[in-house]
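Undergrad: What follows is each chain in one-letter form.
2 protein chains.
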Amino acid sequence: MSTPTLSSHTDSLGDLRVAHQQLDSISMRELFAADPERFDRFHVEFDGLLYDYSKQRVTQHALNLLLVHAEKRQLREAIGHMFAGDPLNFTEQRSAWHVALRAGDQAPAVVHSVLERMAPIVDALRCGTWRGSTGKPITHVVNLGIGGSDLGPRLVVQALANRHSPIHVDFIAGLDPAEFNGVLANADAEQTLFIISSKSFGTTETLTNARAAMDWLRQALGNNTHLAPHLLAVTNRPKAALALGIPAEQCLPLPEWVGGRFSLWSAVGLPIACAIGMEGFTQLLAGANSVDRHFANAPLAQNIPVLMGLFGWWNVFALRATTHAILPYSYRLRELTAHLQQLEMESNGKSVDRAGKKVDYLTAPVMWGGAEPMGQHAFHQLLYQGTRTTPLDFILIAGGDDPRQCTLFENGLAQSAALMMGKTLDEAHAELLSTGHSAEEAKRLAPHLVCRGNQPSSTLLLPDLTPYSVGQLLALYEHKVYVQGVLWNINSFDQYGVEFGKQMANKLADQHDGPTDPSLDGSTCGLLRARRRMRGES
Amino acid sequence: MSTPTLSSHTDSLGDLRVAHQQLDSISMRELFAADPERFDRFHVEFDGLLYDYSKQRVTQHALNLLLVHAEKRQLREAIGHMFAGDPLNFTEQRSAWHVALRAGDQAPAVVHSVLERMAPIVDALRCGTWRGSTGKPITHVVNLGIGGSDLGPRLVVQALANRHSPIHVDFIAGLDPAEFNGVLANADAEQTLFIISSKSFGTTETLTNARAAMDWLRQALGNNTHLAPHLLAVTNRPKAALALGIPAEQCLPLPEWVGGRFSLWSAVGLPIACAIGMEGFTQLLAGANSVDRHFANAPLAQNIPVLMGLFGWWNVFALRATTHAILPYSYRLRELTAHLQQLEMESNGKSVDRAGKKVDYLTAPVMWGGAEPMGQHAFHQLLYQGTRTTPLDFILIAGGDDPRQCTLFENGLAQSAALMMGKTLDEAHAELLSTGHSAEEAKRLAPHLVCRGNQPSSTLLLPDLTPYSVGQLLALYEHKVYVQGVLWNINSFDQYGVEFGKQMANKLADQHDGPTDPSLDGSTCGLLRARRRMRGES
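Those protein sequences? They're chains A and B, same order as listed.
Position 394 (the first sequence) corresponds to 396 in my numbering; numbering is contiguous.
Position 104 (the second sequence) corresponds to 106 in my numbering; numbering is contiguous.
Next up, chain A with everything else stripped away, as it sits in the complex (with noise of 0.2 Å):
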């Protein structure tokens, strides 16, 4: 593959320079008054959803150029090359071939028999043939894996889990014991399995809990209790699992070419499979496919992970927006920002291009948000009077029998259009005059009820929470990571600085009985000392 540098973009950077000077002094209010067919250009629906980008602070001249430097930037040739399976993980030399896990009749071979070997156990476990050691059916599965392993698979039980289905899933990701027993207070260990998810199997938190939950199965159904019914492994270090006690039946393999943030579409996609079973990890499989598909051949100006992506980078470069909320008006989706944390964070929080060459540019933004419609009763104070560009993402459901489900579908579009319009001094002072208050209050007053208006916004209408339409929305984050990553031209499939984070880690184990290595520096070794004292240890 090519590595350009920025350099040869120079002319349509600068053009996207000149039209963001020319934008700034404009409102979306403005726009929106000056173009009634603003909406109507702006949006874009395909495969059931839409996708409404017109409260994004561009016009179509500046969308032109956006497309411009897209093509500079060889987007086009990055597609084709994520699709082919080449090693774009080009510092640890790895494919990042996701879109292979959900290619159906397309996909390699390796994925086909993975999924076979799922299918049979998924069936047996929810068909109650599938029995503890003690004879009696599994009803509740929990899932031992964090990052990766944890955040996707959580979030998508979450969003469509089925309160009638026949097996219950959990989710332990972290060390704290409060989290392992809080989870497992109710449990009943001859009904409980385990799958234990580790690309390396070498994950310290997971293999923590791993013995963890090994002991807390021992304790209940006895010391010479065969556990393995009780477990399963989803790893690409088979030979780990196997020395843990778990039979290489029972485990299932992680291909090296899919990334952690991109392997709820694997094996690590078992608790989904669990969960809704397997015609519903088929159908979120085929969501996904349909997204891979419009991304790999929709003209980039009618591409929706094009688009997202193309606005996330304009986001920065433009408006040096350093944070990006996400809005799901659905609290099923309530942990769809944690994962979208990871995927954008972990992609493309880096600071050197693909030739190692440290950026002059900054690349992804803080991502947050959470669940609505909390947020208005909180934080949305600072999207409406604070002094920060905030993009946001809208995620709103068209469908539900439920009148709170209208209500909670206008309360964010109410906000997305509140957000773009404002409100002016004006009309600030206008509406205290006309609730009564006097000249001089409202004069006084009103400023303090201006709110900036004009945040950047995007609206996702999905028609329902299905695994299908959950399988569309993932993969365009997916793939609107990635367009970024290009646009930044950086390697968006390592992660070195979890990596080190890993490295310091391990380097502290053994100091809690003082600090003994002379590297430390005085705030670790001060603190390490403050805590023995407080255990009285010192």
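No wet-lab data here; the hints were simulated from the structure.
Since the model is a prediction, treat every value here as computed from it, not as a measurement.
Everything hinted at is true.
With a Cα cut of at most 16 Å, we get these calculated EDC-like pairs of lysine to aspartate or glutamate:
#, chain 1, residue 1, chain 2, residue 2
1, B, K360, A, D428
2, B, K445, B, E429
3, B, K74, B, D17
4, B, K509, A, E433
5, A, K360, B, D428
Take a look, some chain B residues computed to stay more than 12 Å from chain A by CB distance:
#, residue
6, Q24
7, L65
8, A121
9, Q252
Glycine included, every Cβ here is placed at the ideal spot set by N, Cα and C.
With the hints as your guide, set chain B onto chain A.
TA: Relative to chain A, chain B alone:
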């Protein structure tokens, strides 16, 4: 109260700017190397806890200037005004007197009278003498509230609830039926009681959930059941609660001078008291009161919330920080981020000063984060290798007998150290050579392993998670937010932006049959129509 303008502080701001410029090229690594006493001088211990700010990007000189600036901004006087119950919230002509709620013997009579009304209710619920309409004891309390009536109590209950409590406490905040149905999936109506918590008793979400809860009770218990034994209210408008059928003696008052985001110490904390008992609730108040007295009396240089606020302000002023991450290494504190999001962003997400003048400086950052160690496997990548300066608060717990709690502590300490130290190109290069890479490979890969370091952080080390220490923790952050508001010269206690969002939601509430309001923008109209099409309604 006087309303100083910023221009009178040009000097201290100018000095701070110079101090920042001098500091900008010096890494914290160098500061630690140059000063073996840095930790000793740059931490404060108070009432069992420790606040370490040695990893903030300051020198003693810069800190001295910050303290001078605080004096010039009349911070001492501002603290005095808070404790005196002065109308700090001058736009709404109210006090922000939450410190009175935890003033113990010094508290006003109204506070004692509410606590005296809470106690027998809580005791009756926890002793099982409070009976539902069919005569069974209540074992399940569900809080219906949103924003301040949800986040604080939810956080504290999750931090402190013990599974041996006679009362299990849940929370429903939003509008999605999936949330309501999920929480009540396995609930027994005969033994369930709802707390309807809304200062105005007019909050759409809470009232909608209250009506749904009453329907749910009627459906389970029969249409003619007396529902009152299953309902409590907390509100400033008792008449509205009475109109919904809640007897006056089951309606606890909320004084006008308690803002939603500061209300967990009032009767809004009823779910906390149900979960941990009145004794625990009293300890929570005592912990907060201890910090209040510290905030009111300690010299600024030894005053933890003052220092927290000064560094919050400094990181925005000098480092242009746009976000601030909260990283509690405790699963029990997993909702802390959401609570602090509201506390800080709703309080200080403002753009006009106290005189109504648009500010020409940045105010509150976006608060984000989450329970660790999950982030280490996800978003920490951006902290290590991204392009954004991100101030961080590490919250670590010293106690605990489980080795996993020790690992958790070490994990947090390791990240704070690694994010300060970073990894240089030389270190990356040496590491690659030592792990068997060729000279050529090491040279090519080393830039991809470099970690920026120098991320500013504070560490709060708590001895243990108890009602008292959680009370301390939350009061520290409340006062920190106030300190920043004083430094930014804004009103931290109104929330007109949130009100605007509610106005717009009301405006849209009758547009679902198609847009009819001519003032609506093209995107809103387009999305309303698209939803109808997706639903097959047009």
